[in-house]
Amino acid sequence: MTRMTMVEAIRDAHTVAMERDDRVVVFGQDVGYFGGVFRCTQGLQKRFGKHRCFDTPINESGIVGVAIGMGAYGLRPCVEIQFADYVYPAYDQIVSEAARLRHRSAGDFTAPLTIRMPTGGGIFGGQTHSQSPESLFTHVAGLKTVIPSNPHDAKGLLIASIEDDDPVIFLEPKRLYNGPFDGHHERPIVPWSAHPLGEVPDGHYTVPLGSARVHRAGGDLTVLTYGTMVHVAEAAAAESGIDAEIIDLRSLVPLDLDTITTSVRKTGRCVVAHEATLTSGFGAELCAVVQEHVLSSLEAPIARVAGWDTPYPHAHEWNYFPGPARLGAAMRATMAYR
Amino acid sequence: MTRMTMVEAIRDAHTVAMERDDRVVVFGQDVGYFGGVFRCTQGLQKRFGKHRCFDTPINESGIVGVAIGMGAYGLRPCVEIQFADYVYPAYDQIVSEAARLRHRSAGDFTAPLTIRMPTGGGIFGGQTHSQSPESLFTHVAGLKTVIPSNPHDAKGLLIASIEDDDPVIFLEPKRLYNGPFDGHHERPIVPWSAHPLGEVPDGHYTVPLGSARVHRAGGDLTVLTYGTMVHVAEAAAAESGIDAEIIDLRSLVPLDLDTITTSVRKTGRCVVAHEATLTSGFGAELCAVVQEHVLSSLEAPIARVAGWDTPYPHAHEWNYFPGPARLGAAMRATMAYR
Amino acid sequence: MHVVDAEAAEPDGLRLRIPEPKARPGDKPVFRDLLIDRAGEVRRPPIDVRPADIVDLGAEMIRVLDIHGDAVGPWAGTLDAEQLRRGLRDMLTVRIFDARMLQAHRQGNTSFYMQSLGEEAVACAHRRALRPDDMCFPTYRQQGLLIAADYPLVTMINQIYSNSHDPLKGRQLPVMYSSRDAGFFSISGNLGTQFVQAVGWAMASALRTDTRIASGWIGDGATAESDFHSAMVFASTYHAPVILNIVNNQWAISTFQGFARGDSPTFATRGHGFGIASLRVDGNDYLAVHAVSSWAAARARANHGPTLVEWVTYRVGAHSTSDDPSAYRPQEEPFTWPLGDPIDRLKNHLIRIGEWSDEQHQQCVAEVEATVREAASEAERFGTLRSEHSSPASMFDDVYATLPDHLRRQREQAGF
Amino acid sequence: MHVVDAEAAEPDGLRLRIPEPKARPGDKPVFRDLLIDRAGEVRRPPIDVRPADIVDLGAEMIRVLDIHGDAVGPWAGTLDAEQLRRGLRDMLTVRIFDARMLQAHRQGNTSFYMQSLGEEAVACAHRRALRPDDMCFPTYRQQGLLIAADYPLVTMINQIYSNSHDPLKGRQLPVMYSSRDAGFFSISGNLGTQFVQAVGWAMASALRTDTRIASGWIGDGATAESDFHSAMVFASTYHAPVILNIVNNQWAISTFQGFARGDSPTFATRGHGFGIASLRVDGNDYLAVHAVSSWAAARARANHGPTLVEWVTYRVGAHSTSDDPSAYRPQEEPFTWPLGDPIDRLKNHLIRIGEWSDEQHQQCVAEVEATVREAASEAERFGTLRSEHSSPASMFDDVYATLPDHLRRQREQAGF
Ligand SMILES: Cc1ncc(C[n+]2csc(CCOP(=O)(O)OP(=O)(O)O)c2C)c(N)n1
Ligand SMILES: Cc1ncc(C[n+]2csc(CCOP(=O)(O)OP(=O)(O)O)c2C)c(N)n1
Ligand SMILES: [Mg+2]
Ligand SMILES: [Mg+2]
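Line order of the protein sequences matches chains A, B, C and D.
Using the working numbering, read the first sequence as starting at 1 and increasing by one per residue.
Using the working numbering, read the second sequence as starting at 1001 and increasing by one per residue.
Using the working numbering, read the third sequence as starting at 2001 and increasing by one per residue.
Using the working numbering, read the fourth sequence as starting at 3001 and increasing by one per residue.
Bound conformation, chain A alone:
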């Protein structure tokens, strides 16, 4: 066990995966010599050589396109998109190619890629350094979509993703890189070293894709969430005094339906929270699934707390971010519903 930040945990996951399997190659913009603008690949080129970890031209579509070709050859590329906001040029290669290659070739060719990208707001990044595009991937059959909320899971999930035989979209909540941010931007920063989930096992382990984690057990109400919002939910629960059961989904596709339905059956109330814009966000899918499976247990409508349906603004970041106050209000309203 070592105390690590999320950045260190991600670096460590790369190292473990690259050591165990020499087919793992790592590349992307500024990831080679420099080690990535968030330093998640720092030291890899030095350690594994520039044929295992290297820089690329600024062309997201090309990065994913060559990764698919490499995957078809038999390698296991793990690539970085500098910000999730810049993944759209690669969207065709991801959606039309990586996601469908195994199916359309009946297993003749596969695309075992991991596509990492920092996601989410909270760093005054404005509309092009703050987005949460997860639901644009969860709609696409053939992709898996993963998002850790802490160093322990980040390492285990990333190793699992790299070892997975299917393309995985790996979203890294950038506001969590250096600490468990709970939405209280006005308070001092808490480091991962002060948090139990900053304890990261040494060497190889995986967190299986498709398994949610009960972040906080509770009996009043279920909060379904992931990424940064896990910590926001914890703060909201503490501040509202509501005994919320907070479920950190960790993997959106595949989804851990059992953990979700078990919790909502128990609590009878549910709030769904994410940073992404509301309409057609992944929260919609969660609402659909919950009401489908446990409608009769529902004592209140499922509330969605999400980013507004606007671009992520720069100066008004904290008016946009669904912080503990907004989430707490929704939790209280859901508890009050009769």
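No wet-lab data here; the hints were simulated from the structure.
Predicted model, so just to flag it, every value in this text is computed and none were measured.
There could be a bad hint or two in this list.
[Unchecked claim] Derived PhoX-like pairs: lysine-lysine, alpha-carbon spacing no greater than 20 Å straight-line: (1) A:K46 - D:K3022; (2) B:K1046 - C:K2022; (3) A:K50 - D:K3022; (4) B:K1050 - C:K2022.
Assemble the complex: chain A is given as a structure, and chains B, C and D with the ligands must be docked to it using the hints.
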């Protein structure tokens, strides 16, 4: 009033819009001299000259990118993407640029584009001529997403879209181009000339974006749907004997919430249907919205009938397509729920 | 002072140029603009040539067969008579196969077909110049790559018919083959995507100090797609061992090649801005295609980097079974195409060098026809689009390596 | 027979080339590869020249100012002394503005800043060569376009501070200006997208037989993006009246220009494959930038089509306030850059021709510093990132032309 196919209605809408406003320009792959692979722009180049309607290189991103530049200049481009399945290369220009230009420039520049594309399956087009990507657009703030189910609405909605000051994604269910297909692929084709909604008013009119249409009034159950599935729902209602209220949403963003909630309040039961893959499809948003606003009226879980979460297969098209049997079964199950 | 403004005699206003082909239906076909060199005239550089030293070749046209049917010049001599006869048979097989499949489409055995009439030399000769374990990333018009790799015709037809023996289980549109063993990457319906994937495969081969190379394919129209650029950038930057093939068959559905080419004289010149060796070749000349493919393959394999090749040919048939070219080009255009027919030209050459005869040709045609007919009948026994398929339950397989719960539930719901 | 295979002495196996810059931290900076011509040596073609006739210029470097500070050669003479002094003041304003804003960032008045230290000549001289109603599609490093369009500094700072007078209402990252009136298109955070939009704007102008032209901007690194290709294809096909500017400042964050350029000798050569006139210019030479920009603008306006220009310059500062270049390049590299400093060079020229003096220069610097200081104080009165902003309710405006119901509900929920 003239009897028209949907293709003719779309052509007519172009003609009306181009005649009224010389800033309207039309372009895309094969749309100029040839008039489009589905012939939706046939005759426009001859009539308006090749500076109003022209062919382009095969580059969807370029087509939308130059359209944005033209929009910023002051024109109103209406472009065609040959199949919705090929829109992904343009996804960045649509999502990062067209959708956000007005907001990020505080109205200094705008992108009043219409982006037309044939959508949906049923023509043995396999996975790259059958997709329904609407929810990949409904998640994006700044875009409007429209999908007609008949010639009358196609013309009125297309004129409204071209005249709209915001970017509009205009999805044309290709299986409806020549007739109101109800999912019974084994039966003879019904032409629009035999259908009341094949009656199209002459000249200029609009169907406002954001207004749903009650396709069939009924008291037992509400079906929320759009595009081809409107006609499938009609068949399913007839065949199941369920007195369904079928709502043709026509516009997904903006959404006509009143019509939806009024109907579900009345019927107490709701089925959502679309051709797109289930997970994170627009049906999820509909479920979320319905349960949020009228949970207490719901006597059964909202059922979703959708394409499976697989690529659209070629030979097994009719096993994939959510036809009247599958929709009817969901309607019956929803009626039977206690 | 202000030299420039004085010099600029301003027009009344700007005017956008919309390209137009030289001829439309009703017009006489014209090929005035086509740059053609005489056979044998273009030099053959060493395989380690610096791209900058062959920039002129991007606007010339490498040809081996002259008007008499002789093989001339520095690019001649890569093939013996046996290989030439095999090439002829490959091309005949493609042509006869195409004809049979068009008929099958008319009969309703399949939903769709795309022929490569007139372009057979390009894929057939190229494949024979590669090694069996090199990997091609084709478009939908390179059936010749499979046929010249001796891939079973019946398996191709099984795919086209989406029948119970379709290796792709009825999932893909007809002609969207996939065969790793035959060095043929799964075809995508999306234009261009494979071009950069080919570069990635080649990069992987080089990363692993392998000796295999990749060969990427794209149409003239599809060079306008962004993936073309991605492929060029990555190939140039990493010096990938890849052949980047542009099949310029003059048309992209109804759009003539001028829309993609714009103001550049040829597609081969697109390579110049990337420092990539670029050649332009008579694509209807089997010998030229083979010679240049061999050159580019040797160059790549010897680690001298990528080559871009424009194969100049002509799409004689319709774009696909959904298309009718009489709506946008003169009906006689295919017959006035200056580079002739690849099969006729190779046949004439073989006869001229005394290695073939009309009788042998007729017999060969008859044999191939029989082979194709038999393959088709055999495939029909496994079903056609209208009859037997793989189980629809298989639709849920291969979305992921293992079936996730949500798909298991959906499969059950579907009744499987 | 089998000539090629014999020729190909095969290596032990393939090997992927990963480009490396000539120097890394700790190394001595090297600029051996930089192709530089002597000032005045490169010819000046007529504005209606055929792109094919100036292919050589893509590898040369147009320069006007020689080492003595004289303006020499055929590109000299587009500016009189008054204009040169204005140019100097423009560049000084950019530099002093940048310095002031970096300080403001350190003080916490803004979240982010991007300077253009060392590159001031490119945007400043270019803008003065355009007409006021021409439209630029810039990246984040062309603040010189606004300053040389006499755009109010205080408005720029209002945007950078996201304060109550920010014309973009606090929505955009600092430096992502927008001003239709100043011919400055809204900056996107997404690299490359604006390049093809510039072509579209130019196409629209031509469609409307207008006389205005567009000017698109992209960095060396971002030329690898697909939108670069889209822009080139559309500009080439439709002969759009657009200037396509590549600012090659040698670095893309930590990645040297070799990753985007690959095997081509210069970025200007990228235009050759498209038949687009392509020039390469000393971007630190105000006179050269102005002369070439005027030439390209005149060419476009006279309907002779697009021009691609590579402006060779150097990013002296960090990529942004989030970057520290000492981690990836020698710290002395900026100071060994062979093309010198654009401000020093123009100043020396003006002094040499007797139109300027060190005293005048000092006075000018003092004036500009005062102007910038005043603008900053004025802006501070309207607030900074840490204090006063536009109303957060305004976040819901301009998503659409009119507020739709769902956003109205969300705004209410947000308490507005
Ligand atoms: C991304 C994408 N856009 C559009 C299409 C539709 N489409 C299919 S083939 C074709 C023309 C391609 O022409 P070309 O590249 O010259 O190849 P050819 O058919 O001549 O072999 C078009 C536009 C597509 N398949 N994919
Ligand atoms: C689509 C996209 N990908 C990546 C980035 C991140 N990014 C911002 S600036 C930059 C480097 C750009 O370098 P260059 O084009 O040379 O411009 P310069 O900064 O040198 O002016 C990168 C990779 C981005 N903004 N957009
Ligand atoms: Mg073609
Ligand atoms: Mg740069």
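Item to check | Pairwise hint evaluation, K2022 of chain C against K1050 of chain B, where the allowed Cα distance is 20 Å at most | outcome: Holds, because 16 Å separates the two Cα atoms, which is no more than 20 Å.
Next on the checklist: Next pair to validate is K1046 of chain B with K2022 of chain C; report whether the Cα-Cα distance is within 20 Å.
Outcome noted: holds (18 Å)
Checklist entry - Are K46 of chain A and K3022 of chain D close enough, with their CA atoms no more than 20 Å apart? => result holds (18 Å)
Checklist entry - Holds or violated: are the alpha carbons of K50 of chain A and K3022 of chain D at most 20 Å from each other? => result Distance ~16 Å between K50 of chain A and K3022 of chain D Cα, so the pair holds.
Of the numbered hints listed earlier, not one is contradicted by the structure.
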